[in-house]
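**Q** Produce the complete structure using the sequences and hints provided.
Residue numbers (the UniProt record's numbering): 1 to 341.
Below, simulated SDA-like cross-link-like pairs (lysine to any residue); rule was C-alpha separation at most 20 Å, straight line: (1) 241 with 330; (2) 223 with 152; (3) 241 with 331; (4) 250 with 43; (5) 331 with 252; (6) 241 with 334; (7) 331 with 237.
It is worth saying that the hints were derived from the structure and are not from the lab. All values derive from a computational prediction rather than experimental measurement.
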Amino acid sequence: MGNIARPLLDWYDAHARALPWRSPPGHPRADPYRVWLSEIMLQQTTVAAVRPRFEMFVERWPSVAALAAADEAELMAAWAGLGYYARARNLIACARVVAQTGAFPETEAGLRGLPGVGAYTAAAIAAIAFGERAAVVDANVARVVARLFAIAAPLPGAMETIRAATDTITPADRPGDFAQAMMDLGSSVCTPRRPACLACPLNTACMAYAAGMAEAYPIKPAKAAKPQRYGTIFWLEDAGKVLLVRRPPKGLLGGMRALPTGPWAAAPPVLEEAPVRSNWEMLPGTVGHVFTHFRLELALAIGQARGHAVAGEWWPVADLESAGLPTVFAKAAAEIRRVSA
DNA sequence: GAGCCGTGGAG
DNA sequence: TCTCCAAGGCT
Numbered sequence: 001m002g003n004i005a006r007p008l009l010d011w012y013d014a015h016a017r018a019l020p021w022r023s024p025p026g027h028p029r030a031d032p033y034r035v036w037l038s039e040i041m042l043q044q045t046t047v048a049a050v051r052p053r054f055e056m057f058v059e060r061w062p063s064v065a066a067l068a069a070a071d072e073a074e075l076m077a078a079w080a081g082l083g084y085y086a087r088a089r090n091l092i093a094c095a096r097v098v099a100q101t102g103a104f105p106e107t108e109a110g111l112r113g114l115p116g117v118g119a120y121t122a123a124a125i126a127a128i129a130f131g132e133r134a135a136v137v138d139a140n141v142a143r144v145v146a147r148l149f150a151i152a153a154p155l156p157g158a159m160e161t162i163r164a165a166t167d168t169i170t171p172a173d174r175p176g177d178f179a180q181a182m183m184d185l186g187s188s189v190c191t192p193r194r195p196a197c198l199a200c201p202l203n204t205a206c207m208a209y210a211a212g213m214a215e216a217y218p219i220k221p222a223k224a225a226k227p228q229r230y231g232t233i234f235w236l237e238d239a240g241k242v243l244l245v246r247r248p249p250k251g252l253l254g255g256m257r258a259l260p261t262g263p264w265a266a267a268p269p270v271l272e273e274a275p276v277r278s279n280w281e282m283l284p285g286t287v288g289h290v291f292t293h294f295r296l297e298l299a300l301a302i303g304q305a306r307g308h309a310v311a312g313e314w315w316p317v318a319d320l321e322s323a324g325l326p327t328v329f330a331k332a333a334a335e336i337r338r339v340s341a
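**A** This is the structure in structure tokens:
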């Protein structure tokens, strides 16, 4: 196996993207708060989606102390649309732990176990913010390393083999740049499909490329089909305001503001579990949405409050964008307002 | 270990 | 339209 780190770092010096949370190549450290915040946001989320949200967060909460003091409902609303809302709940919990102790732990072991900080994120923060030599393995790195070493075992079982292989090529000098270079390489050159092997700085060292099999790695299990579920959105309006509720603290869309819905079941619904008795009117059409493990089709019901006392918040319809609704509810609200206009 | 947990872009 | 997949973590 030829040297990996040197040609990769040379490639990174020439091709590194400028990102708002990233130090220029060659800087041994970066702001731990910005690194941590970006790493949480980037979990299973694209750079394009994270960039504007990251800018908004650091503008509004410039330090981990500021984030620790944030109003939780405001933070959840600020996260709306990014998905995986447990990250937002863990974000504020982690900020409060760090603010209490005064600073981020500076080692992989110390970071591991903070709320929302798992194996990948602990290694990434340690390497990028503090210059610790740590094996940083995300989906990009796993793909690059599986190809470099032609690791034939299927994911996720191969992860420990991949992590160990990553450790053998991670340099003591510039480990943070090395990690980011591997991730940049994976996202732009060593892509899941049709990798650009001719442009890869590591192609002479790559066992999968040598075998003409780069695209075959890593081996991944087949995905399960998503079942279809059905539900109803209840749009209850009174004097220009609409009724919003707060989702239960855990589970799907946990802790987020929402439009009232009935149960999401395997069969199309009837008008049940409405938040209040009303002369519900069904709107034509439905709203579809796809979650991680099921598809949802929502029927749309509108009603008038008629002065009933109802549990929830009455939110100005004209200002609904500021409520911080998850995408599925924002989509339904837009459709209801369009159809009933 | 396997299921749960969002969303949007690419092809 | 549909499938794949992304800087994963938690239980």
